[in-house]
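Colleague: Here is what each chain is made of, one letter per residue.
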Amino acid sequence: MASDEETPGPRFQPASDQSLLVYFGERISLDAHRQVLRLLRLLEQRPIGGVINVHPAYCSLLVVFDALRMEHHELEAVLRRYILEAADAPIPEPREVEVPVCYGGEFGPDLEEVAAWHGLTPAQAIECHSAATYTVYFLGFVPGFAYLGEVSPELVTPRLPAPRRRVPAGSVGIAGSQTGVYPVATPGGWRLLGRTPSRMFRLDRTPMSLLAIGDQVRFTPISRDRFAQLERA
Amino acid sequence: MSVIRVLAPGLFTTVQDLGRPGFGSLGVSASGAADPIALRLGNRLVGNPEGAAALEMTLLGGTFEFPEGAVIALGGSDFGAALGNAQVLPWLSLDVSPGQTLTLGPTRSGARCYLCVRGGIAVKPFLGSASTHLLSGLGGVEGRPLRKGDVLETGGIPGAAFRKRALVAEAQERLVPRKRLRVTRGPQYDAFAEVSRHAFYAHIYRVAEESNRMGLRLEGPPLLAESSGEMITEGVSLGAVQVPPGGRPIILFVEQQTTGGYPKIANVIAADLPSLGQLRPRDEVQFEPVTIDEARAVLAEQERWLASLELMEP
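For the protein sequence lines, the chains are A and B, in the order given. Remember, my numbering sits 1046 above the position in the first sequence when you count from 1. Remember, my numbering sits 618 above the position in the second sequence when you count from 1.
Each hint should be verified, as a subset may be incorrect.
[What the hints assert, rightly or not] Which stretches of chain B does chain A cover? Using the computed rule of at least three CB atoms under 8 angstroms from a CB of chain A, they are: (1) 632–644; (2) 751–758; (3) 850–859; (4) 865–879; (5) 882–888; (6) 917–923.
[To be verified] Only some residues are given here: those of chain B computed to face chain A with a beta carbon under 7 angstroms: (7) T802; (8) P805; (9) I910; (10) A913; (11) R914.
For the record, the hints were derived by calculation from the structure and aren't laboratory data. No residue lacks a Cβ here, since even glycine has one placed at the ideal position from N, Cα and C.
Assemble the whole structure, with the sequences as input and the hints as a guide.
Modeller: As structure tokens, this is what we get:
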């Protein structure tokens, strides 16, 4: 099969003596995302014996395996077959998920600075963040943390120079062209615009994570009162 | 089923087993014992499956009462344990009489000691594992370290009466954790300046105080990547040596984040990961490059040794 610049073949790179990285290109794109998603789905449907774990990301997949059972080149050969097969697999219609957000104030301590950075009013920044539909590129970092893209160029802002020691659960932030919600309180360097009362990850729910790879997400601005209402619900 | 009463929790004591690999696509890292070899052998000493849940203590052990008695073994570092007034050494199984109290103190060697109890610690599993995942507050006892007053249940083990066991002295010698950590090249090894690659292997790095189960922070010569820009976030593996912009390396450990955006210069080999679990703040380590083939051979040899290890009568 001929390859062109638009769809380069996958690149394989050992990450450790028991893991292999598969790269689909070297930049964030929906095309690379779909390749990651297709391979992930196939690996879930037909697990490879000896593969222990899979960490998807923007344009790569880390495959962790039992080094006593297989070598990198053996895994690579199997993954190449999977990738060829996955190339034709249809991607199911994405789910649409709405995430309510109370912007600004103590919930969004960086909103004013981000707005000012881009010469916007806070209201315009909220409008900009909540107007877009975002794709869940992958879940990573901590349980239920969805990496969403892409933020409108008008709002792209670098991380904080020094991360906060504790970002409250539910905080909605941006970092570069990414946006996301902190499912649990963790240290974090993303700039915080608001907070959602939705629980992003809970054990007593199936599925546990509110968001899944491939979902389409919209943030809906809500008032402080509505936040309190939803939080109690 | 019997119980263990936590009279004092120690500095940082959690329930751990061999973790929950397989949920990386949810952002859930495997967690599990920081020194899985100590856990596996401790469990064998009390006749448990190797992956049974046990208590992982850190630097300073706790005090535990056994109202109904138990068969226990300590694996890993020597925390100066005593049962009543009698000293208890690691790596042997012993009977605890009903009402007796096991007291552990500060470590005399490495960072972690495992209290393995026949039947294992019974907690509600989260994604198939009893392991505590602190950052997300999941697994173990309410996703947190033990507190004074906690009451833990132990599981039952059917079958014949248990014969006590001990680890032979030569085996204990071999289990001394390595301070010379073998590493393979990280996926961004080539992105580091020649001088940094050299410094990484040539110098001694010291484990910083703020190290934990998520990561071991190292102090030493800063390492600089040639391309300083943020890279695209990608999956990161256990034992990865990632280097944030300040140049101070961090070894990603059992409660690691599943993805990250910093370049990785190296990765600790699988066979040496248990040694990471015994590193204390201020311990000094040095990195030794090996090939992936060498790493695999070392791991295979280690597993052969563990499988062939015979436990003797104490």
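Colleague: Could you check the structure against the hints above and give me the numbers of any it violates, in ascending order?
Modeller: Hints that this structure does not satisfy do not exist here, as all of them hold.
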